[in-house]
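There are 2 protein chains.
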Amino acid sequence: MGDKRNVLWIMCDQLRFDYLSCYGHPHLQTPNIDKLAERGVRFNRAYVQSPICGPSRMSFYTGRYVRSHGSTWNGIPLRVGEPTLGDHLHEIGVRTVLVGKTHMRADTEGMARLGIAAESFIGARVAECGFEVFERDDGLHPDGPYGANPAYDSYLKAEGYDGPNQWENWANSAEGEDGEVLSGWLLGHADKPARVNAEHAETPYMIKRFKDFVEVAGDQPWCVHLSLIKPHWPYIVPAPYHDMYGADDVIPAIRSQAERENPHPVFGAFMGERVSKAFSNDKTRAKVIPAYMGLIKQIDDEIGKLMEYLEEKGLLENTMVVFTSDHGDYLGDHWMGEKELFHEPSVKIPLIVVDPRAEADCTRGTVNEDLVEAIDLAPTFVEFCGGTPKSNVLEGRSLLPLLESLEPVEWREFAISEYDYSMRNARMELGLPVADCRLAMITDKHWKFIHAEGMRPMLFDLQQDPTELQDLGANPNYAAERERMSEALFAWYRKHHTRITITDKQIAANAGKELQAGILIGYTDEEEVEETKHQQGLS
Amino acid sequence: MGDKRNVLWIMCDQLRFDYLSCYGHPHLQTPNIDKLAERGVRFNRAYVQSPICGPSRMSFYTGRYVRSHGSTWNGIPLRVGEPTLGDHLHEIGVRTVLVGKTHMRADTEGMARLGIAAESFIGARVAECGFEVFERDDGLHPDGPYGANPAYDSYLKAEGYDGPNQWENWANSAEGEDGEVLSGWLLGHADKPARVNAEHAETPYMIKRFKDFVEVAGDQPWCVHLSLIKPHWPYIVPAPYHDMYGADDVIPAIRSQAERENPHPVFGAFMGERVSKAFSNDKTRAKVIPAYMGLIKQIDDEIGKLMEYLEEKGLLENTMVVFTSDHGDYLGDHWMGEKELFHEPSVKIPLIVVDPRAEADCTRGTVNEDLVEAIDLAPTFVEFCGGTPKSNVLEGRSLLPLLESLEPVEWREFAISEYDYSMRNARMELGLPVADCRLAMITDKHWKFIHAEGMRPMLFDLQQDPTELQDLGANPNYAAERERMSEALFAWYRKHHTRITITDKQIAANAGKELQAGILIGYTDEEEVEETKHQQGLS
Numbered sequence: 004m005g006d007k008r009n010v011l012w013i014m015c016d017q018l019r020f021d022y023l024s025c026y027g028h029p030h031l032q033t034p035n036i037d038k039l040a041e042r043g044v045r046f047n048r049a050y051v052q053s054p055i056c057g058p059s060r061m062s063f064y065t066g067r068y069v070r071s072h073g074s075t076w077n078g079i080p081l082r083v084g085e086p087t088l089g090d091h092l093h094e095i096g097v098r099t100v101l102v103g104k105t106h107m108r109a110d111t112e113g114m115a116r117l118g119i120a121a122e123s124f125i126g127a128r129v130a131e132c133g134f135e136v137f138e139r140d141d142g143l144h145p146d147g148p149y150g151a152n153p154a155y156d157s158y159l160k161a162e163g164y165d166g167p168n169q170w171e172n173w174a175n176s177a178e179g180e181d182g183e184v185l186s187g188w189l190l191g192h193a194d195k196p197a198r199v200n201a202e203h204a205e206t207p208y209m210i211k212r213f214k215d216f217v218e219v220a221g222d223q224p225w226c227v228h229l230s231l232i233k234p235h236w237p238y239i240v241p242a243p244y245h246d247m248y249g250a251d252d253v254i255p256a257i258r259s260q261a262e263r264e265n266p267h268p269v270f271g272a273f274m275g276e277r278v279s280k281a282f283s284n285d286k287t288r289a290k291v292i293p294a295y296m297g298l299i300k301q302i303d304d305e306i307g308k309l310m311e312y313l314e315e316k317g318l319l320e321n322t323m324v325v326f327t328s329d330h331g332d333y334l335g336d337h338w339m340g341e342k343e344l345f346h347e348p349s350v351k352i353p354l355i356v357v358d359p360r361a362e363a364d365c366t367r368g369t370v371n372e373d374l375v376e377a378i379d380l381a382p383t384f385v386e387f388c389g390g391t392p393k394s395n396v397l398e399g400r401s402l403l404p405l406l407e408s409l410e411p412v413e414w415r416e417f418a419i420s421e422y423d424y425s426m427r428n429a430r431m432e433l434g435l436p437v438a439d440c441r442l443a444m445i446t447d448k449h450w451k452f453i454h455a456e457g458m459r460p461m462l463f464d465l466q467q468d469p470t471e472l473q474d475l476g477a478n479p480n481y482a483a484e485r486e487r488m489s490e491a492l493f494a495w496y497r498k499h500h501t502r503i504t505i506t507d508k509q510i511a512a513n514a515g516k517e518l519q520a521g522i523l524i525g526y527t528d529e530e531e532v533e534e535t536k537h538q539q540g541l542s
Numbered sequence: 004m005g006d007k008r009n010v011l012w013i014m015c016d017q018l019r020f021d022y023l024s025c026y027g028h029p030h031l032q033t034p035n036i037d038k039l040a041e042r043g044v045r046f047n048r049a050y051v052q053s054p055i056c057g058p059s060r061m062s063f064y065t066g067r068y069v070r071s072h073g074s075t076w077n078g079i080p081l082r083v084g085e086p087t088l089g090d091h092l093h094e095i096g097v098r099t100v101l102v103g104k105t106h107m108r109a110d111t112e113g114m115a116r117l118g119i120a121a122e123s124f125i126g127a128r129v130a131e132c133g134f135e136v137f138e139r140d141d142g143l144h145p146d147g148p149y150g151a152n153p154a155y156d157s158y159l160k161a162e163g164y165d166g167p168n169q170w171e172n173w174a175n176s177a178e179g180e181d182g183e184v185l186s187g188w189l190l191g192h193a194d195k196p197a198r199v200n201a202e203h204a205e206t207p208y209m210i211k212r213f214k215d216f217v218e219v220a221g222d223q224p225w226c227v228h229l230s231l232i233k234p235h236w237p238y239i240v241p242a243p244y245h246d247m248y249g250a251d252d253v254i255p256a257i258r259s260q261a262e263r264e265n266p267h268p269v270f271g272a273f274m275g276e277r278v279s280k281a282f283s284n285d286k287t288r289a290k291v292i293p294a295y296m297g298l299i300k301q302i303d304d305e306i307g308k309l310m311e312y313l314e315e316k317g318l319l320e321n322t323m324v325v326f327t328s329d330h331g332d333y334l335g336d337h338w339m340g341e342k343e344l345f346h347e348p349s350v351k352i353p354l355i356v357v358d359p360r361a362e363a364d365c366t367r368g369t370v371n372e373d374l375v376e377a378i379d380l381a382p383t384f385v386e387f388c389g390g391t392p393k394s395n396v397l398e399g400r401s402l403l404p405l406l407e408s409l410e411p412v413e414w415r416e417f418a419i420s421e422y423d424y425s426m427r428n429a430r431m432e433l434g435l436p437v438a439d440c441r442l443a444m445i446t447d448k449h450w451k452f453i454h455a456e457g458m459r460p461m462l463f464d465l466q467q468d469p470t471e472l473q474d475l476g477a478n479p480n481y482a483a484e485r486e487r488m489s490e491a492l493f494a495w496y497r498k499h500h501t502r503i504t505i506t507d508k509q510i511a512a513n514a515g516k517e518l519q520a521g522i523l524i525g526y527t528d529e530e531e532v533e534e535t536k537h538q539q540g541l542s
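Protein chains in written order, with our numbering: chain A, 4 to 542; chain B, 4 to 542.
If you are wondering where the hints come from, they were derived from the structure by calculation, not from laboratory data.
The reader is advised that the hints may include incorrect statements.
Just so you know, same-sequence chains aren't split out, so a pair can sit in one copy or run between any two.
What the hints assert, rightly or not - Below, in silico cross-link-like pairs of lysine-lysine (BS3-like), each with a Cα-Cα straight-line distance of 30 Å or less:
| # | residue 1 | residue 2 |
| --- | --- | --- |
| 1 | K280 | K393 |
| 2 | K393 | K211 |
| 3 | K308 | K211 |
| 4 | K498 | K448 |
| 5 | K498 | K393 |
| 6 | K214 | K308 |
| 7 | K448 | K393 |
| 8 | K286 | K195 |
| 9 | K286 | K516 |
Build the full structure now, drawing on both the sequences and the hints.
Written out as structure tokens, the structure reads:
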């Protein structure tokens with residue numbers, strides 16, 4: 004393997020960890036993604052730092068906890084000056100290229116304050132979360148403020164899809180019996196095919212765009228974030244994927260009647276959301292989940308072709324390939340739709356890392372059970388590309404040691420995830436101030452503890468109750484576990500999260516240098532000074 | 004009072020709260036500073052956010068906790084993008100001008116990353132913590148890396164003080180019987196006069212520089228940070244101040260033998276520092292403290308003249324005058340020298356605010372007992388100058404409500420201070436990793452609780468034991484108090500500290516806007532959409 008190393012970092016949006024055959028789905032076969040797992044390491048306990056797109060991605064892209072980067076919900080700008088993966092890779096000569104979605108919103112106020120013009124070389128990257136944008140497409144383009152007239156619309160137009168808003172009217176709509184356009188936003192239409200040919204859907208389009216990049220990439224090493232919008236809603240997929248799966252392929256919802264009785268207030272509020280009620284209806288699940296599965300099946304097919312392309316191009320031998328998602332999807336589990344809370348279907352993600360180096364041969368095809376966090380990818384990429392991850396900035400840990408050895412590695416004991424629900428109905432329903440809508444999860448594999456500001460916590464025993472049907476947060480028998488997990492969470496909060504301008508090594512190297520600098524603190528006379536200078540080898 | 008409002012923000016360095024007659028010193032008369040207290044409000048419970056120059060000042064200058072701005076010790080650069088008082092005042096047309104010390108170190112790496120040139124208009128302010136520098140002088144200029152050849156040297160040279168390094172050899176040195184130069188760094192020389200005339204000492208020099216600014220200030224409103232280096236060490240002062248006070252004027256050290264028996268490990272390590280041992284010697288105290296008092300007396304005299312000048316200039320009626328310090332000085336109390344831990348002589352500061360507005364007439368000459376933090380000044384200045392403090396950025400609270408009413412105001416229940424001792428001998432002595440040298444103090448007026456990472460906490464009962472001689476941190480009778488204070492500290496850690504790019508109001512205003520934007524989550528059919536649109540007044 005040569006010196007030039009690339010990273011192809013594929014991210015799906017809202018892909019549940021267990022909707023892949025390598026992660027155990029009984030009916031959804033994903034042989035191409037499974038092949039990645041055979042060639043690399045499949046991480047079985049990978050958690051996002053927030054179970055929703057924006058903050059989760061800002062953690063992926065900065066390698067830092069939500070607590071640290073401060074972008075706690077979708078659309079909250081990432082503060083200017085927050086170092087990104089792109090900054091770290093830029094320092095070692097690697098391009099960090101975006102093809103697809105980031106959910107980044109620029110801190111235009113901060114950029115103006117610092118005089119950073121968005122059209123400048125640096126400003127363009129600052130505004131795009133450190134990425135060099137080959138194509139950005141956040142994937143939701145209804146008419147209105149989100150409708151950014153994406154390049155995808157022009158592409159569809161050129162392919163013969165007429166009229167306005169191709170994204171909405173073709174790729175994310177179906178047709179009725181009389182040819183009328185039916186909105187793909189509506190769950191009731193999920194069983195119908197989208198109005199585009201499969202080859203023109205968003206997934207193959209964005210993969211095509213990645214190939215377009217490769218064709219013009221040149222010699223500089225790159226890290227490409229191929230960031231697919233699917234299987235994120237609208238839940239609609241073109242033929243033949245729309246009816247590849249049926250109601251029989253839908254695995255039963257993980258839920259119990261007990262969950263609805265006296266639930267934790269935040270859980271209760273989220274169960275009351277429209278989308279949760281919709282997915283609590285088995286008819287809706289039977290209609291929507293097959294479409295969700297079809298979207299994933301299409302991704303798998305396209306990944307297969309993509310890997311062939313990479314092989315043809317001779318890229319496989321020096322390119323790390325990562326496959327992951329930004330969070331999961333409840334799909335009716337726990338009487339919930341969407342994501343946002345901390346049950347495993349929401350907060351746990353698939354993560355497969357294929358490291359082409361010989362050092363990683365010993366772990367190929369294995370499953371890793373360590374607690375991995377989304378923030379680990381940025382330092383992994385930096386180290387893979389030949390850099391040294393900055394531990395004062397990057398709060399994740401490079402996964403390379405886990406890829407290079409089957410022996411147990413000293414590793415973190417807890418994984419953390421956070422959620423700010425101030426933008427959600429739950430805030431209004433619970434009558435809380437915006438600032439108090441804070442949840443924080445901590446897990447050690449055995450226990451999952453969720454701190455809820457101003458309320459009792461939640462607690463799950465992942466060993467006895469792996470499907471998390473029993474909230475032990477108010478059970479007096481588990482006070483000791485709650486106390487222990489709460490203290491571990493407190494310890495995490497207390498850590499340095501913002502001391503990013505100096506390293507521990509620099510501190511150690513600079514300590515105790517006063518005398519050398521002529522700063523004499525507490526010396527009474529010349530003799531004491533001379534004595535100390537002598538001791539310190541300064542005279 | 005006209006629309007144009009100025010702020011004169013005088014900060015001393017290392018001035019203990021109780022070394023002023025208005026704060027109760029029995030022998031040190033400071034009539035001019037006392038007069039400020041008569042004209043304004045004297046805050047009796049004002050705490051710095053870290054009991055050492057750098058991080059304390061970064062909190063003053065950003066209005067944010069150390070946890071938030073990340074500059075945890077002297078010389079740790081303030082991260083680029085951290086908004087400053089200067090940024091806030093700039094937005095409302097007020098100049099924020101520095102005359103004296105800040106202890107700022109620029110985040111040159113971050114500035115380079117963002118392409119901010121230090122010589123640009125914005126870059127110059129970013130590099131100087133938001134200040135427009137009229138004169139910066141951090142006050143320590145021994146030969147070596149700190150010796151920045153300050154303008155003060157040229158001033159002294161012009162006044163006839165010859166040779167190299169006037170700061171060290173004249174202003175901070177004394178003379179022996181045979182005319183030999185004796186270093187003012189050495190505590191043994193503290194009773195001798197400095198080698199400059201009183202009028203040429205650093206305090207009157209910097210006040211003169213403030214007047215120079217006023218003469219050229221023009222019409223734009225200003226906030227001037229007149230930041231004096233004294234009574235910070237070197238403890239040496241020119242005649243006649245050098246012998247105005249003697250051993251009889253030195254108040255006895257607050258300490259007990261019990262403090263040395265089985266102390267908290269961090270306290271023990273700090274008691275073992277050279278400077279602590281020096282100040283534990285009563286002979287050293289008798290020699291040094293009179294010089295410290297002389298330095299303060301000179302400040303008081305100069306403040307008197309300064310107020311006359313402001314009156315002559317007609318500035319008193321529209322200028323808020325604030326007098327404070329960046330931390331205290333143990334001076335041998337608790338067997339300690341310097342500052343850095345959380346006993347009152349170190350962490351509590353004098354704070355006097357003279358608000359010229361008629362609204363503040365009702366509080367003139369009163370003493371306020373609320374828990375005030377250093378970070379309260381930035382929002383106070385913003386509000387006084389006509390702005391609205393940004394609560395998402397500024398973590399302090401404007402003091403104006405406390406200045407405008409004698410009635411109790413809803414106010415904070417806890418004050419917080421932090422300290423990172425990774426640069427200190429205590430780290431080596433205790434064998435700790437750099438990242439773990441974290442202390443955090445929380446007080447509610449009655450109790451002062453100090454969390455020490457990896458060790459037992461400290462606890463003081465400020466009501467029963469106001470001089471803090473009894474550490475109850477390991478006393479089993481106080482477990483409930485420790486628990487309560489620890490939980491309050493945890494609650495503070497959990498708060499948003501970095502979500503600075505959006506306000507609570509913006510969140511409240513933007514919540515629940517999906518439908519308006521065409522984002523339909525969880526709708527099954529058109530009917531549901533229409534019904535909801537109708538309910539939300541969208542159709």
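Next item on the list: Would you list, in rising numerical order, the hints stated earlier that this structure does not obey?
Entry: Numbers 1, 2 - these are the hints that the structure violates, sorted from lowest upward.
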